[in-house]
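Required output: the full structure, derived from the provided sequences and hints.
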Amino acid sequence: MPPRDVLLTVGNEILEATMCYRSRWFEYLCYRPILQSLFNADPNMRWEAAPKPRLTDASYRHGFWDTYNELPLGEQLERVRNHDLVLTEEEPLFDAADIARCGKDLFVQLSLVTNRSGYEWLKRHFPDHRVHPITFTNTHPLHIDSTWVPLRPGLVLHCGERPAEPELMGYFRANDWEIVEAVQPESWEHKQRLSFCSPWLAVNMLSLDPKTLCIEEKEARLADQLTQYGFEVVPVPFRTVAPFGGGLHCATVDIEREGVLEDYFPVRYGRF
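Residue numbers (the working numbering): 18 to 289.
Hints in this document: simulated from the structure, not taken from any laboratory. Since this is a predicted model, take the numbers as computed values, not measurements. Keep in mind that a hint or two might mislead.
[What the hints assert, rightly or not] With a Cα cut of at most 20 Å, we get these calculated EDC-like pairs of lysine to aspartate or glutamate: (1) K228 - E195; (2) K121 - E108; (3) K140 - E249; (4) K140 - D280; (5) K69 - E108.
So this is what it looks like as structure tokens:
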């Protein structure tokens, strides 16, 4: 269901991510017919694939989940900041959905499915971009698109329960971006049984253009908030998809866009 977990579009390139779940190793094959047709139709299309991982036991910390969830909150967050999580650095691993694209800048969340080796591989693969490793105050980081959501140039929506590291906030503000905290999701009050997704899947929205956003139809508070910022909101019934692992952003991937490569962050700040 979620092609954006597997495929990353950057310029005229579509890149197949490694994935780190053994259960998702073969998922890229579902999209191969589409990629083949795009490759055949467009002589400028670049079709790339990151090195397919072996996913042996050496790629995982044995017994991680036996102890991690029992740790105090502070220790969990310290491990997130140090990226001392379930993945080792045995081989590059990343999900495409852990990458937020803002023109020349690619923000790579280090998470339960993306390791530092994955970030390093992406940094070398995209030498014409600034590739940044980032973390959030989130004990179970998994995909960036329900935490840090660029809405249009100069405006980013973030999950208030998962504050960004101060230098990331400073980088955006130094470049005149407004950082808006998302309202609490409607799904907070009626979280679905058997769903592994956070209620913050509410902000996992599909941006059609700088003025138009598709969001889940029951997220009325979020719709009101986005309308105040001048967006046209298109409600889409999508709540029953969540238990299967994804929102509107997860379930889509851009394969054709208009525009040129922009630099939205000309000012350096801290390590950025």
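Taking 20 Å as the top limit, are the C-alpha atoms of K228 and E195 close enough? Holds, at about 16 Å.
Is the straight-line distance between the alpha-carbon of K140 and that of D280 20 Å or less? Since the Cα atoms of K140 and D280 sit roughly 17 Å apart, the hinted pair holds (cutoff 20 Å).
Taking only the CA atoms, is the gap from K121 to E108 under or equal to 20 Å? violated (26 Å)
Given the hinted pair K140 and E249, is their Cα-Cα distance within 20 Å? Measuring from Cα to Cα gives roughly 35 Å; hence the hint is violated.
For the pair supplied as a hint, K69 and E108, is the alpha-carbon distance within the 20 Å limit? holds (9 Å)
This entry does not satisfy hints 2 and 3, going by the numbered hints stated previously.
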